[in-house]
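Trainee: So the sequence lines, in the order shown, correspond to chains Z and G. Okay, so the first sequence: first residue is 1 according to the working numbering, each after it adds one. Okay, so the second sequence: first residue is 1 according to the working numbering, each after it adds one.
The set of hints was computed from the structure by calculation and includes no laboratory data. Glycine residues also receive a C-beta, built at the ideal position from the N, C-alpha and C atoms. Warning: the hint list may mix true and false statements.
What the hints assert, rightly or not - Listed below are the simulated DSS-like cross-link pairs for lysine-lysine, each with C-alpha atoms no more than 30 Å apart in a straight line:
no., chain 1, residue 1, chain 2, residue 2
1, G, 62, Z, 49
2, Z, 297, Z, 39
3, Z, 39, Z, 319
4, G, 62, G, 83
5, G, 40, Z, 127
6, Z, 127, G, 357
7, G, 40, Z, 39
8, G, 318, G, 349
9, G, 96, Z, 49
Unchecked claim - Some chain G residues flagged as far from chain Z (calculated, every beta-carbon gap over 10 Å):
no., residue
10, 71
11, 87
12, 119
13, 135
14, 149
15, 189
16, 206
17, 287
18, 309
19, 342
20, 343
21, 358
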Amino acid sequence: MIQEISHITEHIVFIYGCTLLCIYTLLAYMALQGVRKFKRRNDYMDYDKVLGSELLPGISVVAPAFNEGLSIISNVRSLLTLNYPKFEVVIVNDGSTDNTLEQLIVEFEMQEVDFAYDEQIVTQPVKRIFKSRKAVYGNLIVVDKVNGKSKADASNAGINASTYNYFLCTDVDCLLDRNTLIQLIKPFLEEEEKKIKEVGEPCPECGYVHVIEDNVRVIASGATLRLGNSCEVEEGVITRMRPPRQLLPRFQEMEYIRAYVLGKMGWSAMNAVPNVSGGLGLFDREIAVKAGGYDAKSFAEDMDIITRMCAYMIENKMKYAIRYIPVTLCWTEGPATLKVFGRQRTRWGRGLAEIMSIHGRLIFRPKYRKLGMIVMPYNLFFEFLAPIIETLGVFYYIYLILSGSVNWPYAVLLLVFAYLFSVMISSLAVLWDQITFRYYKTWKEVVGLCLMAFLEPLIYHPLIVFFALKGYFNFATGKKHSWGNMQRQGFGKKKPAMAVTK
Amino acid sequence: MFKLSLPDGPFAIEIASILIGVAVFSTLLAYISMLIYRLKGYVGQKRADNTIPLVDNLLLEKVLLHPQINTEIPKVEMVELAKSFDIKELNPGWAKHLLIARLVNYRKNVRGNIGNAIRSLFIQLELDSVCLKMLRSRKWYKKAKALYILVEMEIVIPDVTLLPLTNSHNHHLRSAARLAYIKLSKNDPFKFFDVVTEPLLQWDQVELFRVITSSENFSMPNFARWITYSSNKSVVSFCLKLVVHYMQLEAVPAVIRLLDNKDHFLRANAINALGKMDVDEVADQLLHMYHNQPIICQTEILKALGRFRNQQAKEFLKREFLHSNDFNLRKHAARSLINILSKEDVLIKELMNNATKESLMILKHCMDPLIKF
Chain Z
1 MIQEISHITE HIVFIYGCTL LCIYTLLAYM ALQGVRKFKR RNDYMDYDKV LGSELLPGIS
61 VVAPAFNEGL SIISNVRSLL TLNYPKFEVV IVNDGSTDNT LEQLIVEFEM QEVDFAYDEQ
121 IVTQPVKRIF KSRKAVYGNL IVVDKVNGKS KADASNAGIN ASTYNYFLCT DVDCLLDRNT
181 LIQLIKPFLE EEEKKIKEVG EPCPECGYVH VIEDNVRVIA SGATLRLGNS CEVEEGVITR
241 MRPPRQLLPR FQEMEYIRAY VLGKMGWSAM NAVPNVSGGL GLFDREIAVK AGGYDAKSFA
301 EDMDIITRMC AYMIENKMKY AIRYIPVTLC WTEGPATLKV FGRQRTRWGR GLAEIMSIHG
361 RLIFRPKYRK LGMIVMPYNL FFEFLAPIIE TLGVFYYIYL ILSGSVNWPY AVLLLVFAYL
421 FSVMISSLAV LWDQITFRYY KTWKEVVGLC LMAFLEPLIY HPLIVFFALK GYFNFATGKK
481 HSWGNMQRQG FGKKKPAMAV TK
Chain G
1 MFKLSLPDGP FAIEIASILI GVAVFSTLLA YISMLIYRLK GYVGQKRADN TIPLVDNLLL
61 EKVLLHPQIN TEIPKVEMVE LAKSFDIKEL NPGWAKHLLI ARLVNYRKNV RGNIGNAIRS
121 LFIQLELDSV CLKMLRSRKW YKKAKALYIL VEMEIVIPDV TLLPLTNSHN HHLRSAARLA
181 YIKLSKNDPF KFFDVVTEPL LQWDQVELFR VITSSENFSM PNFARWITYS SNKSVVSFCL
241 KLVVHYMQLE AVPAVIRLLD NKDHFLRANA INALGKMDVD EVADQLLHMY HNQPIICQTE
301 ILKALGRFRN QQAKEFLKRE FLHSNDFNLR KHAARSLINI LSKEDVLIKE LMNNATKESL
361 MILKHCMDPL IKF
């Protein structure tokens, strides 16, 4: 009987493994198509010229800040120099206890204004809103609010205060490429399927046959994020890109490249992007607000808002798309110590468990189309359950070893296979990344990164699995989570700056 | 013990064995491709590092510092100048492409006689035929790139070649061809508006608008022609924006007719255009239709009334400001009221004195010069 159960289990795991491999292969193929298309199109694209057009829509850049006193001025200056004709920067001071707000007021000559703040998304109270007296900073708004204990709450306040129809969500300590806005707005403006269709009989009130736009509405777009730990930065601009020198951030760089250039590009080609990163994402404001904005209590607010926006679109019978581009537009500082890294990943694990519990109702619901039949089942089986299945597999292996039932040649062969497949996928991701742009100057840097593909399954992956399980455990037991301190070095410098994010 | 006999192994093992081979092969291929790709990049960079200074020097010496550059370099002399570029370093295909890229770059940054000289040089070097060859390629991106170069160099492409591309199935090529047509067609640059079957995407409109509004070479047609007769709504919407930009008052009747269009988006665009063109004779019509409109049209009506500064609309705006259920509509009504009346006006003072907390906040918001929207 036990033998029969284990036999069936082995078959299920085999099918599970094969499906995962097929998905990765498909993603790699789709991502390559996307990367090539993007590269061909950008070969002759002159963004500087397009920036001269009056028809570009306005964009609000929303950046929450909590105790960022050490770097707030340079970071805001960097955001203000974005290359786009019509944008505003909304800095949300989320009840900082340091001098973040005072510095902003002094440096940019901010003045409190009577701003008609429309609380479309409920947040912690907004105390004051400031605008600059200097015309040169006319596109800067500072929102001062009561601390909401999450980035999501601060982002929501920023969205409420924003003016334009699109908002870019980022972290104030992220470095953005100068052309971020024009590159991210492009997918919104070039979605092809636009049709106007007439609906129903003439309206008795106005006499018109009402029409609706039966088009694919792009509701969010994103681009690749990278680690800026070892990059050279001058006045808020990356002047020399390098993979991180430290091992842990370098593993993360490899992971980010795989997740964005291969994963999200692949999902984007299938119009089934599961989430848009909290560090860099451009959103359709109307849909984000109607979907309720970010969930202030969520540990995975970026995935949560995308899931709700998609569900909103489907429930209202509107076609939508979420697009990714393979070019790197944002650099963030990755945790360099195991302690901080562990805390981040535990939070992510908990967030994923939370998403599965909140949005579980969508899984395998044909009504929710790709969201219900592809995105959510994938998240459940291959993101959420993967660490659990892997861990159970390890225990099962140990049991088989102890009971002497391991066929060693086959076992070794299967392990080698899993290892080599993982190396292959990571190597392809680096290749796709290199096709997009030759990001690193020297061969040594590329080889240094590629080496991570070989070490990752042995060193980094077990850590990810461990912290994910810890996150699930915390979720299951309802353990309180503190947002903790993220010790930052700052980009391109060695000073022991310590900023605190929640 | 470790000897494998694959054909006899279980199915999973057989698959795994095959996939190991695939994984090893793909990984090796990935690294070889990366090697080749970077090597190509390295060689390309090296070539560019050697060739670009050479081209720059030649251009500087022969063209930019030419004694007649401020007037016009005679054609005969230009032929001679072109011969200076006929050197073995610039003969290979890759060098020609680098030369093209460099000339395009110069041409983008200079206009007038220098720009014309660079264009003549481009033609004398027969680089236009390189581009026309690219235009015959089967690959859309080569065609699109050729169009981009030819547009920058203002080399005329026959309509018979260009017009079909404006309706290409590939939207990137379609978009490039439309830009080229507008910029290069000598006869009627807007002719493709008549034949366009696919919608003009918003991105296309952004690019076209920039090209049209930055060109000085052609006279603008009356866009009312397309506003009235085009069945392509994106063309109508785009023409409305051009009408506003060029303040084509002769197109106003055609725009007014759009107020009866059943497409809300077009109606909203038309109201927006009328507001920006200050056509205040439609104020009554807008007031009359207001309550039957969706929010986007109502918003545009409120904005238009503010732009008209129509005193008769103030009672209506006041009513909307005080009684509308939509926060944004109230804000637009308030802003328009303040546009029409001065801050010291009795009505504004009365509103301020009797306002609720929210109304007062909206009024103050709209009156604050630091707040634009």
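Trainee: Over 10 Å to the closest beta carbon of chain Z is the bar; see if residue 135 of chain G clears it.
Mentor: 13 Å, holds
Trainee: Given the proposed pairing of residue 127 of chain Z with residue 357 of chain G, does the C-alpha separation stay at or below 30 Å?
Mentor: 15 Å, holds
Trainee: Is the Cβ of residue 206 of chain G more than 10 Å away from each Cβ in chain Z?
Mentor: Since the minimum Cβ distance to chain Z is about 4 Å, residue 206 of chain G lies within 10 Å and the statement is violated.
Trainee: Say whether it holds or is violated: residue 287 of chain G keeps its Cβ farther than 10 Å from all Cβ of chain Z.
Mentor: About 15 Å separates residue 287 of chain G from the closest Cβ of chain Z, which puts it past 10 Å; holds.
Trainee: Per the stated criterion, does the least C-beta distance between residue 342 of chain G and chain Z lie above 10 Å, as a non-interface residue requires?
Mentor: 18 Å, holds
Trainee: Given the hint that residue 297 of chain Z pairs with residue 39 of chain Z, test it: the Cα-Cα distance must not exceed 30 Å.
Mentor: Violated. Residue 297 of chain Z to residue 39 of chain Z sits at ~39 Å, over the 30 Å cutoff.
Trainee: Within 30 Å, alpha carbon to alpha carbon, are residue 62 of chain G and residue 49 of chain Z?
Mentor: With a Cα-Cα distance of about 29 Å, the restraint between residue 62 of chain G and residue 49 of chain Z holds, given a limit of 30 Å.
Trainee: Is the hinted pair residue 39 of chain Z and residue 319 of chain Z satisfied, with a Cα-Cα distance of at most 30 Å?
Mentor: The hint holds at about 27 Å.
Trainee: Run the distance test for residue 96 of chain G versus residue 49 of chain Z: straight-line Cα separation, threshold 30 Å.
Mentor: Holds, because 25 Å separates the two Cα atoms, which is no more than 30 Å.
Trainee: Would the non-interface assignment of residue 343 of chain G survive a Cβ cutoff of 10 Å against chain Z?
Mentor: Nearest chain Z Cβ is 13 Å from residue 343 of chain G, so the label holds.
Trainee: Decide, holds or violated, for the assertion that all CB atoms of chain Z are farther than 10 Å from the CB of residue 87 of chain G.
Mentor: Holds, because the least Cβ-Cβ distance between residue 87 of chain G and chain Z comes to about 27 Å, which exceeds 10 Å.
Trainee: Check the hint pairing residue 62 of chain G with residue 83 of chain G against an upper bound of 30 Å on the C-alpha distance.
Mentor: Distance ~10 Å between residue 62 of chain G and residue 83 of chain G Cα, so the pair holds.
Hints 2, 5, 14, 16 and 21 from the list above are not met by this structure, while the remaining hints are.
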